[in-house]
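*Asks:* Residue numbers (the numbering used here), protein chains in the order written: chain A, 1 to 444; chain B, 1 to 304.
Mixed in with the good hints, there may be bad ones.
Below, simulated EDC-like cross-link-like pairs (lysine to aspartate or glutamate); rule was C-alpha separation at most 20 Å, straight line [claimed, not checked]:
{"id": "1", "chain 1": "B", "residue 1": "Lys304", "chain 2": "A", "residue 2": "Glu406"}
{"id": "2", "chain 1": "B", "residue 1": "Lys142", "chain 2": "A", "residue 2": "Asp298"}
{"id": "3", "chain 1": "B", "residue 1": "Lys82", "chain 2": "B", "residue 2": "Glu116"}
{"id": "4", "chain 1": "B", "residue 1": "Lys11", "chain 2": "A", "residue 2": "Glu406"}
{"id": "5", "chain 1": "B", "residue 1": "Lys264", "chain 2": "A", "residue 2": "Glu107"}
{"id": "6", "chain 1": "A", "residue 1": "Lys263", "chain 2": "A", "residue 2": "Asp405"}
{"id": "7", "chain 1": "A", "residue 1": "Lys103", "chain 2": "B", "residue 2": "Asp267"}
{"id": "8", "chain 1": "B", "residue 1": "Lys304", "chain 2": "A", "residue 2": "Asp405"}
{"id": "9", "chain 1": "A", "residue 1": "Lys103", "chain 2": "A", "residue 2": "Glu370"}
{"id": "10", "chain 1": "B", "residue 1": "Lys11", "chain 2": "A", "residue 2": "Glu195"}
{"id": "11", "chain 1": "B", "residue 1": "Lys11", "chain 2": "A", "residue 2": "Asp383"}
{"id": "12", "chain 1": "B", "residue 1": "Lys82", "chain 2": "B", "residue 2": "Asp42"}
{"id": "13", "chain 1": "B", "residue 1": "Lys304", "chain 2": "A", "residue 2": "Asp383"}
{"id": "14", "chain 1": "A", "residue 1": "Lys62", "chain 2": "A", "residue 2": "Glu195"}
{"id": "15", "chain 1": "A", "residue 1": "Lys103", "chain 2": "B", "residue 2": "Asp42"}
{"id": "16", "chain 1": "A", "residue 1": "Lys103", "chain 2": "B", "residue 2": "Glu28"}
{"id": "17", "chain 1": "A", "residue 1": "Lys156", "chain 2": "A", "residue 2": "Glu100"}
{"id": "18", "chain 1": "B", "residue 1": "Lys142", "chain 2": "A", "residue 2": "Asp130"}
Some chain B residues judged to face chain A by a derived CB distance under 7 Å, without partners named [as the list claims (entries may be wrong)]:
{"id": "19", "residue": "Leu39"}
{"id": "20", "residue": "Pro43"}
{"id": "21", "residue": "Ala49"}
{"id": "22", "residue": "Ser54"}
{"id": "23", "residue": "Gln61"}
{"id": "24", "residue": "Asn65"}
{"id": "25", "residue": "His138"}
{"id": "26", "residue": "Thr140"}
{"id": "27", "residue": "Gly165"}
{"id": "28", "residue": "Glu170"}
{"id": "29", "residue": "Leu299"}
{"id": "30", "residue": "Gln301"}
Some chain B residues close to chain A (C-beta under 8 Å, calculated; not the full set) [to be verified]:
{"id": "31", "residue": "Thr4"}
{"id": "32", "residue": "Asn5"}
{"id": "33", "residue": "Ser40"}
{"id": "34", "residue": "Val50"}
{"id": "35", "residue": "Arg57"}
{"id": "36", "residue": "Ala132"}
{"id": "37", "residue": "Ala136"}
{"id": "38", "residue": "Gly137"}
{"id": "39", "residue": "Arg139"}
{"id": "40", "residue": "Gly141"}
Don't read these hints as lab results, they were simulated from the structure.
Ideal placement from N, C-alpha and C gives every residue a C-beta, glycine not left out.
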Amino acid sequence: MLRSSFTGLETARRALFAQRMAIDTTGHNIANANTPGYRRQRAEMVATPPAPGPMQPGTGVKVATIERMRDHFVDMQIRHSHASLGRWEARSDCLEQLQEVFKEPSEIGLSTMMDRFWIAWQELSGGATDPGRRTAVIQEASTLASAFGLISRQLKEASDDIQVNIDSLVHSVNATAESIARLNHEIVRGGVVGENVSDLMDQRDMLLDQLARDVNINVVETPEGQVNVSVGSRLLVSGVTAFKMDVSGSFAGGRIQGLLEAKNEIIPSYQAKLDQLAQALKDTVNAQHSAGVDMYGDAGLGFFTGTGAADLAVSDALKNDPNKIAASRSGTGPGDGSNALAMAQLKDALAIGTPPTASFRDFYGSIITELGLATQESSRAADVYNGVLEQQQMRRDAVSGVSLDEELMQLIRYQAAYDAASRLVSVMDEMLETLINRTGIVGR
Amino acid sequence: MRVTNSTMINKAIRNVDGAFRRYIACQEKVASGRSINHLSDDPHGAARAVRLRSVLRGVEQYKRNAENADTSVRTYDDNLDKVGSILNRVRELVVRGATDSATPTEREAMAVEVRELFDELVHAGNASHLGAYMYAGHRTGKSPFEVIDDMGDANWPVSYAGDSGVNRVEVGPGLTLEINITGEQVFMGQSGGVNIFRTVRQIEQHLTESDVPKLSGSDLASLDQAINQVLKFRAELGGRGSRLELVINRLESDSVSITELLSKTEDVDLADAIMRLAEQDVVYQAALAAAARSVQAGLLQYLK
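Please construct the entire structure, taking both the sequences and the accompanying hints into account.
*Replies:* See below:
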């Protein structure tokens with residue numbers, strides 16, 4: 001088949017068009033080099049088919065698609081890492097807060113208060129008639145009781161704070177789910193009319209990452225380009241519909257799960273141990289106290305009142321009259337400090353558990369060791385997932401990130417091609433000039 | 001792997017961030033002087049430190065108890081020393097009164113002095129230490145000895161209102177020491193001793209009556225027994241004193257070794273910590289320098 005004289009011009013036009021589009025795409029990449037969540041795009045050029053017939057040269061180039069560079073597998077891994085990191089970070093934050101509540105090791109922690117309480121009894125045993133030592137016992141006991149109360153209250157406050165945190169996170173998850181549903185709608189609509197929806201997809205991916213930090217999500221992409229998001233067995237986003245999140249379900253990760261664990265497991269377990277310690281202290285001290293006799297020759301009253309750590313207090317009768325401290329065992333006279341001594345010796349007695357297996361100090365020691373180890377475990381796990389996430393983000397970056405050096409080289413390449421295509425137009429122009437204006441003028 | 005600008009920048013940020021965090025951690029250690037600032041720095045070490053500090057407080061208290069006991073031993077000893085010299089003075093008078101050269105008038109004058117010495121004895125028996133009557137056993141609230149003038153009374157010449165209560169202090173885990181002596185034992189001669197007050201009053205009576213045979217016989221004998229009785233308790237006090245001294249020495253050395261152990265557990269080795277801080281400083285500077293260089297570099301610099 002004969003080729004048209006103008007075919008070359010058409011080829012040049014196509015080349016100019018395609019290179020322009022590639023340059024624009026490169027420009028878009030450069031412009032978005034620092035945009036969070038942006039994935040680089042690439043103009044995929046293909047040669048246009050030659051005209052039919054034998055020995056036909058090609059007809060030029062066209063941009064088939066603008067490809068969005070991404071790796072589904074890495075995206076999924078990153079979402080799972082976000083969920084694990086979120087969970088451990090939430091736990092670690094909570095445990096670090098508990099460490100501050102227990103204030104160990106220091107001179108103002110519960111262990112110091114307990115020691116001082118026992119020491120006051122020791123002092124009293126050496127001088128049972130001394131009113132100063134009696135008052136000191138009451139004071140140290142009150143300090144100890146209020147230290148229990150303070151820790152208990154701070155645990156409660158930490159738990160309340162976490163609930164506020166969970167509520168606001170659930171709120172933000174619901175809002176994000178709605179945005180994703182809206183983007184689903186936009187993407188499908190755009191896809192139908194052939195628009196480039198890459199940037200909308202970038203936005204949606206970023207929202208999915210954000211969501212994964214709060215709850216562990218499963219993402220399924222439909223052939224139409226929508227994503228369905230589920231949390232556990234419940235759907236959160238289905239096509240263009242968003243559902244409200246249900247906190248009572250189970251989550252395999254995410255900040256909300258970490259916070260729920262902190263609120264429902266971690267804090268109550270320390271609260272229970274603290275209550276157990278306070279209860280044992282109250283029972284043991286009261287039993288010893290009632291075995292003694294006070295300055296008036298009466299049997300000792302209950303020393304501590306309360307039902308746990310929160311309301312542990314020295315009984316008012318004793319607070320008002322320290323002479324009611326039962327320092328004496330025999331009741332023979334005020335100089336007898338043998339019950340105070342027996343009280344002081346409870347310091348190392350096995351008093352906690354049935355049968356008793358731990359002293360107050362050992363039991364408290366095990367609480368703080370456990371707290372320290374749990375904190376260490378959580379922050380190490382968070383560090384590990386941070387490292388994993390870093391690796392995965394590097395892998396995502398390797399596929400999706402914009403390299404300015406690379407874009408600049410592409411720019412030079414496309415510019416050169418564009419220049420060459422322009423030159424092709426000049427060449428065609430000159431050829432036609434020759435053909436039209438300088439041909440067939442022999443003998444003129 | 002393809003490396004992009006953001007990979008490089010993120011990496012640089014993380015490196016600088018990590019180096020800075022380690023630098024701050026080292027600085028905290030140096031500044032606080034403690035290697036354990038939070039439980040999670042070393043959970044077992046922290047628990048050990050809490051335990052050691054509690055043990056140390058216990059030892060310090062035992063030491064205070066022992067020192068208080070030592071003070072009270074000294075007080076008893078001083079008091080019994082006085083009692084001993086009173087009895088020795090009585091003995092001198094008895095020896096003089098028992099000689100034939102003494103006249104009944106002289107003996108009567110001696111009897112007056114013995115009566116005064118008797119009052120001093122009662123006074124010594126009613127001595128108090130830190131607001132508590134020393135010889136009253138547990139009934140430290142009121143004076144244990146009361147003079148009875150009626151010779152017909154079974155308790156004549158002094159009744160004892162105290163009891164045999166023993167006060168103990170703890171000077172080690174489960175290790176208690178008696179700190180008091182009761183008047184019943186020292187003065188009243190309970191369980192085989194002599195009643196010192198009665199002996200002295202009888203001497204006074206016999207001096208007044210110029211009963212030389214009794215003075216040189218039974219009176220002198222029971223007075224010597226009384227003096228020995230006081231000496232016996234002083235010897236026991238001496239024994240308690242030296243035992244307390246041993247206990248205090250041992251508690252002091254315990255306190256030193258526990259403090260040392262505590263320091264090893266939670267104090268920072270300053271030389272080591274400062275070296276590490278310097279090291280982290282260098283690492284941090286290097287990370288900053290590397291970040292500055294890597295962020296600058298790019299093809300753009302070479303394009304015209």
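*Asks:* Evaluate each hint against the coordinates.
*Replies:* Hints versus structure:
no., hint, verdict
1, B:Lys304 / A:Glu406, "16 Å, holds"
2, B:Lys142 / A:Asp298, "19 Å, holds"
3, B:Lys82 / B:Glu116, "14 Å, holds"
4, B:Lys11 / A:Glu406, "19 Å, holds"
5, B:Lys264 / A:Glu107, "18 Å, holds"
6, A:Lys263 / A:Asp405, "49 Å, violated"
7, A:Lys103 / B:Asp267, "17 Å, holds"
8, B:Lys304 / A:Asp405, "14 Å, holds"
9, A:Lys103 / A:Glu370, "14 Å, holds"
10, B:Lys11 / A:Glu195, "35 Å, violated"
11, B:Lys11 / A:Asp383, "16 Å, holds"
12, B:Lys82 / B:Asp42, "60 Å, violated"
13, B:Lys304 / A:Asp383, "45 Å, violated"
14, A:Lys62 / A:Glu195, "17 Å, holds"
15, A:Lys103 / B:Asp42, "14 Å, holds"
16, A:Lys103 / B:Glu28, "17 Å, holds"
17, A:Lys156 / A:Glu100, "14 Å, holds"
18, B:Lys142 / A:Asp130, "14 Å, holds"
19, Leu39, "3 Å, holds"
20, Pro43, "3 Å, holds"
21, Ala49, "5 Å, holds"
22, Ser54, "5 Å, holds"
23, Gln61, "5 Å, holds"
24, Asn65, "6 Å, holds"
25, His138, "3 Å, holds"
26, Thr140, "3 Å, holds"
27, Gly165, "5 Å, holds"
28, Glu170, "6 Å, holds"
29, Leu299, "4 Å, holds"
30, Gln301, "10 Å, violated"
31, Thr4, "3 Å, holds"
32, Asn5, "5 Å, holds"
33, Ser40, "4 Å, holds"
34, Val50, "5 Å, holds"
35, Arg57, "4 Å, holds"
36, Ala132, "5 Å, holds"
37, Ala136, "7 Å, holds"
38, Gly137, "7 Å, holds"
39, Arg139, "3 Å, holds"
40, Gly141, "5 Å, holds"
Violation of the numbered hints given earlier is confined to hints 6, 10, 12, 13, 30; the remaining hints are satisfied by the structure.
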